[in-house]
Amino acid sequence: MKTPLAAVTDLKVHFPIKKGILARTVGHVYAVDGISFDIMPGETIGIVGESGCGKTTAGMAMVQLTPITSGTVQWKGTDMAGMNRSGLRALRREMQLIFQDPYSSLNPRMTVRQILSDPMDVHDMFTGRQRKERIDFLLDTVGLSPGQADLYPHEFSGGQRQRIGIARALALDPTLIIGDEPVSALDVSIQAQIINLLKRLKRDFNLSLIIISHDLAVVEYICDRIIVMYLGKIVEAADYASLYKDPKHPYTKTLMSAIPVPDPERRTRRLILKGDVPSPINPPGGCRFHTRCPDRMDICDKQEPAMQRFNDGHTAACHLYNTIYADDCHATPNHVSTPTKGDNP
Amino acid sequence: MCANRFLTPTFCIGAAVNKNRSEPVLSIDSLKTHFFSRKGVARAVDGVSFDLTPGEVTGIVGESGCGKSVTALSVMGLVPNPPGRVVDGRILFHGKNLLDLDIKALRKIRGAGIAMIFQEPMTSLNPVYTIGNQISEMFRLHKGYDKKQALAAAVDMLERVQIPSPGKRVNEYPHQLSGGMRQRAMIAMAMSCDPEILIADEPTTALDVTVQAQILDLMHRLKDDFSTAIQLITHDLGVIAEMADQVVVMYAGQVVEKARTRELFQHTLHPYTRGLLASIPVLGHRTRGMDEDLVEIKGMIPSLHNLPSGCRFSNRCPQVMEKCKNLLPELTDMYGGHQVRCWLHTKGASA
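Chains A and B, in that order, give the protein sequences.
Going by the working numbering, the first residue of the first sequence is number 1, and it counts up by one from there.
Going by the working numbering, the first residue of the second sequence is number 1, and it counts up by one from there.
Honestly, the hints are just simulated from the structure, not real lab data.
Take these hints with a grain of salt, some might be off.
[To be verified] Only pairs whose alpha carbons sit at most 35 Å apart, straight line, appear in this in silico DSBU-like list of lysine-lysine:
1) B:325 with A:199
2) A:202 with B:96
3) A:199 with B:168
4) B:39 with B:143
5) A:19 with B:143
6) B:325 with B:298
7) A:274 with B:32
8) A:274 with B:325
9) A:274 with B:168
10) B:168 with A:132
11) B:143 with A:274
12) A:18 with B:168
13) A:302 with B:39
14) B:298 with A:245
[Unchecked claim] Computed footprint of chain A on chain B, listed as stretches where at least three residues anywhere in the stretch have a Cβ under 8 Å from a Cβ of chain A:
15) 25 to 38
16) 85 to 96
17) 110 to 119
18) 188 to 202
19) 232 to 242
Beta carbons are placed, not taken as given, at the ideal position from N, Cα and C, and that holds for glycine.
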């Protein structure tokens, strides 16, 4: 079995809410509340969910950019929590970020050359002669011309800026790139260019990618495996094909049916969720989705559903499947293990 | 109610007649809005024409900078001047050219006759006034209600847009509401004087998909109830397919294609529209083994200061011909009201 590039185990990130002169902690924002997943070398994972579901926090916690409350993040088998600053710095060379807004993520006072040189200076890589070659190569890779290296960010369009952001992430030859909504701020025609670029880079450089996005359609195009989050928890995780063909969790289903399809012939009435995402400060008990779930049952507000494993490595946390198997197990106790067979990742 | 809406009784009769469908309630006729700066003239809207029909949704699609929002602002008389100015064209609302009206007359129409909702509800609601205060202002200004009546009407409106416990929400400030709720409040405000036209500028772009579905559903229902003409500005062709009856595709300040929604999606004529449709990731396509890679439109939108001399799409068009680079094609009628601005479809193209 291959060792995963990164393994996240029961990760929790809670932000304290402080009040008063003594700054007493009066509560917590349960941004990420116990999630586990692995990423293999060369694999692309998508994390999807509505705003406030903790997808960005999960990504930031992986690179240790936000303090972890509990749980572990292992990088190639070593726990990142025990590392000192210099250890972390060396590690961060291998994991890079791409941000959503190409307007605010590039320093307007630096030329493209300076922007791309910065990470190389920090890590003392590609010095001297190599530097120019490297920058030319990077710009060429992301579809810009090396002649544009001495321009400032404001001289580029949104799509080109995002390409600069991607070139910066590639500068140090990383193994993992985390893209936080890398295409949501772009126009549709530009979005397609960037999606194709990311796919090409992933192939050419054998990168692992984590794409954090609210757009299930975008994620489907780039990712091998998709994780659906709701209020700090993973509700479903599966291969892209399995997830789109056979979504298990009611939340995934509603999320998919909410996406408008560009085909007027298919104007079907959709499943429309009532209300908004509840506050992560005081998440609902039991299943966190029970307040909005169309398939809600009595058990849902009382007991938190366990992760159910299905045959193809597809997992979902929902009592619907619980009941089915529980009934099965009542009749013939042997069946209880059936859905867990043969899904060792 | 009608008498409050417009100044003159004759206007009112006009409004009543126009409530029957098919007759346009607003006609934009070769509108040109240009921006003048040191860099030169930016022709943001350059000869745009289309009609809005009661009870219909007209979708305006295009990428950022194509002039779709400026068209809407021109209708509302909200183009910042300077640097912007409507230099030519007419905007006929019940036969009256809105461009000829003075600010006072325009104010009577804004909100009461034509209302607008914006993309980011947080920036268009005033943070220091309660929701109720802002909605009831509409009733006080346009219908002459007193404070108490207006507040009661505001609660009514909040209920109509399905905000839970409207009696309580009416006294809350915008920051106390969620994004979807704020957009509902904006819609409540826009619909409060029963406008004939609602201009929605990217109303769901800042919202989550699940909330977007709620808002679109709400707009659909309101349109049917009030037979409002909706001008829906968006870059999302999915939203268009779902909502619009008629679609206007804009590129670099011009209409490049215009058709009924079904017709547009089934017989897409303009290479730009085709490119747009092919470049959107569609849920389930990859899973079903369709297009592994997305089709991209090469290059980017030309600067409005420096437009190509021929067809404005010519530098990105996959089917570009020699003619396209020099001559700007006219918007040409095809069949069944389908219009397209492209040499591929304009007679005499085989030059």
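Need the list of violated hint numbers for this structure, in ascending order.
Hints 2, 3, 4, 5, 7, 8, 10, 13, 15, 16, 17, 18 not satisfied by this model.
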